[in-house]
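With chain D fixed as given, assemble chain Z onto it according to the hints.
These protein sequences, in sequence, are chains D and Z.
Using the UniProt record's numbering, read the first sequence as starting at 1 and increasing by one per residue.
Using the UniProt record's numbering, read the second sequence as starting at 1 and increasing by one per residue.
Bear in mind the hints are in silico, worked out from the structure with no lab data behind them.
Keep in mind that this is a model prediction, so the values were computed, not measured.
Don't be surprised by glycine CBs; every beta carbon is placed ideally from N, CA and C.
There's no promise every hint is true.
As the list claims (entries may be wrong) - With a cut-off of at most 30 angstroms between alpha-carbon atoms, the simulated BS3-like pairs for lysine-lysine come out as follows:
1. 465/Z - 2/D
2. 557/Z - 96/D
3. 25/D - 337/Z
4. 41/D - 218/Z
5. 337/Z - 15/D
6. 18/D - 337/Z
7. 2/D - 438/Z
8. 337/Z - 53/D
9. 465/Z - 50/D
10. 2/D - 52/Z
11. 218/Z - 52/Z
12. 50/D - 426/Z
13. 41/D - 465/Z
14. 53/D - 438/Z
15. 426/Z - 53/D
16. 337/Z - 100/D
17. 25/D - 426/Z
18. 50/D - 524/Z
19. 2/D - 468/Z
Claimed, not checked - Each pair of labels, with its calculated beta carbon distance range:
20. 612/Z - 74/D: 52 to 62 angstroms
21. 348/Z - 128/D: 37 to 47 angstroms
22. 127/D - 468/Z: 52 to 62 angstroms
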Amino acid sequence: MKRLSEERTKILFEKLTKYIGSNVKLLIERPDGLYCFREQKDRVYYVSEKILKLANSIPPEHLISIGTLFGKFTKSNKFRLHITALSYLSPYAQSKIWLKSSAEQQFLYGHHIPKSGLGRISENAEKYQGVVVYSMSDLPLGFGVAARSTAECKHAEPLVSVCFHQADIGEYIRSEEDLL
Amino acid sequence: MGRKAKFSDGVVVKKGPGKKAKKQKDPVFPKQLTENGTIKKNLSHRQALRAKRRLQQALNRKKQNERASTGNKSTVFLKDEESESGSDVESDEEIKSTKLSTRPSKGFSDDNKSWLKPKQNKLQDNNVKNGESSTEEENEEQEEDMDQEEEELSSDPSDLENSSDDEEDEKLKVEKLGDLSDEDSEEQDEFDSQADGAAGEGSDDDLLPIEKETIKLKKKQAKEQKLAEEELQLNIANQEVFAFPKKSDEDVQSLQDVQQRIREVIAVLTDFNKLRDKNHSRSEYLDILKKDLCTYYSYNEFLMEKFMQLFPLSELLEFLEASEVQRPLTIRTNSLKTRRRDLAQALINRGVNLDPIGKWSKVGLVIYSSQVPIGATPEYLAGHYIIQGASSLLPVMALAPQENERILDMSAAPGGKASHIAAIMKNTGVLFANDISKERIKAVVGNFHRLGVVNSVITCMDGRKYPKIMTGFDRVLLDAPCTGTGVVAKDQSVKTSKDEQDIQRCYNLQRELLLAAIDCVNAKSSSGGYIVYSTCSVLPEENEWVIDYALKKRNVKLVETGLEFGTEGFVNYRQHRFHPTMKLTKRFYPHSHNMDGFFVAKLRKFSNLIPKSGGDEVNIIEENVEDEPVEENKAEVKAKKNSNSLNKASENKVKKRPEQTKESVLKHSKKRANEDGEEVSIKKSRLSEKLNTKDKNKQKKGKSSKVNGTDKKLSVLVNKTKGKLAKGIKNSSSKSKKKLRHKYK
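Isolated chain D, as found in the complex (with noise of 0.2 angstroms):
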C-alpha cells in the first residue's frame, strides 16, 4: 500500500468531483477518524487509518483489498471508477436518474438508459455529467454519464440514450473476477 502520487491525487478526485460535486471534501474529513486513499497495484483503496496500520503488517504478497475499493488507474494514466464505489458515490450524488421497473433489467445487464426507460431526472443534470442511477424504490443500481441535459431530455425521442452506461450492480455477477 502506497499514498497516492500527487498527479494520481488529482485525477482521482477530478474524478470523484464529477460525481459527488465538492462532497469529496466529506470523503476525507469524516467525523469518525481519518480515512485516506491509499494505492496497490494501481487500484485505489479508501480505507480507515487504524485499519491502514493493522493491514501494513502485512506483507503485500498477502494482502488482497483493504476497505473499500475505488477503482484503478488505466495504462493511460486515466482514473475509472469501480462498481465497488457506488456504497460511497450514492449518498452524495449531484446529479441522479431514476430508472422505470421496465428499464431496470437492461440497465442491470450493462446497457446505456433509453429516454424511454428514464423515470426521473433530477433538475440541475448537466452534458457529460456523472450520475448515479437508481430503481424507483431508490435502490442505488449504477452510474453513468449523462448524455443529454436534463432539458434536453425532455424532448428527446424514445430511443436515444440519456446515459451511458459505464458500471451496474450486475457486475458482482457478471464480472466477480474482475471486480479487482
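Coordinates of chain Z only, in the frame set by chain D:
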C-alpha cells in the same frame, strides 16, 4: 388418396389395462410390525358367506360321517340279516330311498349299484352341482341334518333308523362322486377318521347323546385349533427367519430387493438374540448391511463404515435418507443495509414465498419457492442479503463478535460468515478475512463490496503461518476445511471419494490450523480471547479429536457455545476418551435439525503461554522409576543397620515408596493412553520393562524365588489391561510388603 381404408373396422383390439386399471400393490410391512407375522385381511362379503357355508358344510359332513361309519357297520350286519331273513318291507324301502336319492340318474339296479355308477350319471350329477350347487347342496344338507336329529332323538336302534342310515350311505356316495372337485373333501376325510377315533374312545353309555355330541365337537374343535396353531407357527417361522444370503446370490439384485434386505437385516439386528441365525455372527449381519447400504445409497465402504460406527442403526437410515435431500434454501439479511422485515416485504413483492428461519436467528429467512432467481434479484445485487445455509449462521452466533474488536476469519471464502461477523460488528473494528485459495478469495472481495463491508482486510495466505504475521486478535473463527461428510446433499462426490488417508490429511491440517488460530488470539483481551472451531463434517476424527488435541497442546478450555439447540459432542467415542468438557460442543445433523451436518466448538484462551510438549513428562516418569530401586536399597540398608524397633518405620518408607511411584507411573500411562490409542501398547510394554528391571534389582538383593514368581506374575498382569494393571500392582505391592515383613522378623 382419400382416406385410409379402415381395415380393422369393427375389430376392437383391446389394449390391455390402462393406467388406472393398474392397481397399486398392497403395502409391504416389515415383519416385526405385524403381530405374529400375519396380516389379517378383511374378507369380502361373498368370501365371508362362502367361508361360513364351508364351515357349516364341514361340520355337517363330519357328523354325518360319524353316523355313517357307525351305521355302515350296522348295515353290513343288517344286510347279512336281510339276506338271511329277506324282509321285504325293508328292502322295498331301501330301493325306494335310493330311487329317491338318485332320482335324475338311471343307476344300476343290481347288487353292485352301491359303488357302480354310469359315467353319464356322474357327469350329470356334476352338471347339477355346478348349475345349482348352492341350493342343491344346502337342501341335501338340511335333509341330512333333519335325519341326524331324528336319529339322535330316537335313542333305540330301530329298523327305521337303519333304513335311514342306508339312505344316508347312498347319499353320501352320490355326494362324494359329485364332490370330486371339492377341495375340502380330502381334508374332511382326515378329520372324520380322527373324529371317529375320538368317538370310539369317548363312547360312554351313561352320557346323553347330545352330551356325547358336544364332547366330540369340542374335541374336534380343539384338534382343529391345534392344527391351525401349528400351521401358524410354521408360517411365522417361515416368514420371521431372515434367510442369510448365500454368496452366490449376491450378484444380481434389484434396488428394491436391496432395500427390502436392508430393512430385514436391521429388523434382525434390533432384536438380535431372538431373530438371529445361529450360524452367523453379528458382524456378518453388519457386513451384509454395510454392503447393501453402500449399493443402495452409493457410498464407498469406508465412509459407510464410519457412519455405521457413528450412528445407531435407527438413526443411520434417517441420516442417509436426509443426506439425499437438499436442505431448504436460506438467506441471511445484511443488517448493514436493510432490515429483515423490509427485505421480506421486497421479496414477497417479487413473488417469493418465505418465512423467518426460526426464533434463534434474527437475520435468517427460509425460501420455500420463488418465481425469480434468488441469486439475481436487484435486492441481492444491492447487497441486501446473501444466500447462506442455516448452519453457517451458527459459528458466528457462537463467536458473538463485539463492536470495535479485532477479529480473524481464518478460512473465509466465500465470505458468508465473515460478512456476518462484520454485520454484527456494524462495520466497526477490524475484520481480517483470510483464505488460502487465490481463486476463492475473489468471491470474498465481491461479497464484501456488495454487502458494504468496509472494515475488512482481505488476505490470501496459509492460515498456519498467520501467527507469524499477526497476533493479538480478540476472536478467531476457524471454519476448517473438512471432508464435508455433513453436506453430502450439496456435494455427492463425497460419498465415494473419501478414504482413510483423506480424513487423516484433513484432521492433521485442522489440528495445525486450530493451533495457529489459538496462537493468534490474545488471551488478555478485555472482551474476547475466544476461538470458535467449526466444520461441516460429522466425523469425530475431524471434530472432537481435533479439539481434544488442542486442549492438550494449548492453554485453552471449552466454554458454552451459546447455541440453545444441537446435540452434545461426544465425550466417549469408541476407543477415544475425550476431555469431559467436550459435551459443551455442539453437533448438528441433517435428520434431526434440518440443516447441514455441522460441528461448533467454542474455546477460551486463558494464557498466552504455550505449554511445553508432552515429551518432558515422559522423562520425568522415567527418572522417577529409575530412582526408586536406589532408594529402596537405601531403606534396606538402613533397616539392616537399625534395631528391630526401628524396623517398622523403615518398612513404612519402603512400603510407601513403590506404591507412590507405581501409581504415578500408572497415572501417566493412563494419560498417555488417552492421548493416543496407538501408543498405548508401546507404553505398556515399556512400563512392564521398567517394572521388570525393578524386579531384577529386588532379585539381586537375594530375595526368595517366590518373590520372583510373583513379580513375573505382576509383569504379565501389567501387560494385560489398565484395570488389571492397577490390581496387579496392588497385589504385588501387598505381597512384597508381606515378604519384607517376613524377612525383617
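A quick look at each hint next to the structure:
Simply put, residue 465/Z and residue 2/D have alpha-carbon atoms about 25 angstroms apart, close enough for the 30 angstroms limit, and the pair holds. A C-alpha spacing of about 55 angstroms is found between residue 557/Z and residue 96/D, which places the hinted pair above 30 angstroms, so the restraint is violated. Of the supplied pair hints, the one linking residue 25/D and residue 337/Z holds, its CA atoms being roughly 24 angstroms apart against a limit of 30 angstroms. This hinted pair does not check out: residue 41/D and residue 218/Z have alpha carbons roughly 105 angstroms apart, beyond 30 angstroms.
A threshold of 30 angstroms between alpha carbons decides the hint, and for residue 337/Z with residue 15/D the separation of about 26 angstroms falls inside it, so the pair holds. A threshold of 30 angstroms between alpha carbons decides the hint, and for residue 18/D with residue 337/Z the separation of about 26 angstroms falls inside it, so the pair holds. Between residue 2/D and residue 438/Z the alpha-carbon distance is near 22 angstroms, which keeps this suggested pair within the 30 angstroms criterion. Annotation: proposed proximity of residue 337/Z to residue 53/D holds, straight-line Cα distance about 27 angstroms (limit 30 angstroms).
Under the criterion of a C-alpha separation no larger than 30 angstroms, the hint pairing residue 465/Z with residue 50/D is consistent with the structure, at around 23 angstroms. Simply put, residue 2/D and residue 52/Z have alpha-carbon atoms about 102 angstroms apart, too far for the 30 angstroms limit, and the pair is violated. Among the hinted pairs, residue 218/Z with residue 52/Z is consistent with the structure: their alpha-carbon atoms are about 19 angstroms apart, no more than 30 angstroms. With a CA separation close to 16 angstroms, the supplied pair residue 50/D and residue 426/Z stays within the 30 angstroms bound.
For the proposed pair residue 41/D and residue 465/Z, the alpha carbon gap of about 24 angstroms is at most 30 angstroms, so the pair holds. Between residue 53/D and residue 438/Z the CA atoms are separated by roughly 24 angstroms; this keeps the pair inside 30 angstroms, and the hint holds. Restraint check for residue 426/Z and residue 53/D: the C-alpha separation of about 20 angstroms stays at or below 30 angstroms, so the hint holds. Only pairs whose Cα atoms come within 30 angstroms are accepted, and residue 337/Z paired with residue 100/D is accepted, the gap being roughly 22 angstroms.
For the given pair, residue 25/D sits about 24 angstroms from residue 426/Z by alpha-carbon distance, which is consistent with the 30 angstroms threshold. As the CA atoms of residue 50/D and residue 524/Z are separated by approximately 21 angstroms, the hinted pair is consistent with the 30 angstroms bound. For the given pair, residue 2/D sits about 23 angstroms from residue 468/Z by alpha-carbon distance, which is consistent with the 30 angstroms threshold. Range check, residue 612/Z to residue 74/D: Cβ separation about 56 angstroms, and the 52 to 62 angstroms hint holds.
Range check, residue 348/Z to residue 128/D: Cβ separation about 40 angstroms, and the 37 to 47 angstroms hint holds. At about 56 angstroms, the beta-carbon gap between residue 127/D and residue 468/Z stays in the expected band of 52 to 62 angstroms.
Consistency with the previously given hints fails for numbers 2, 4, 10, ordered from lowest to highest.
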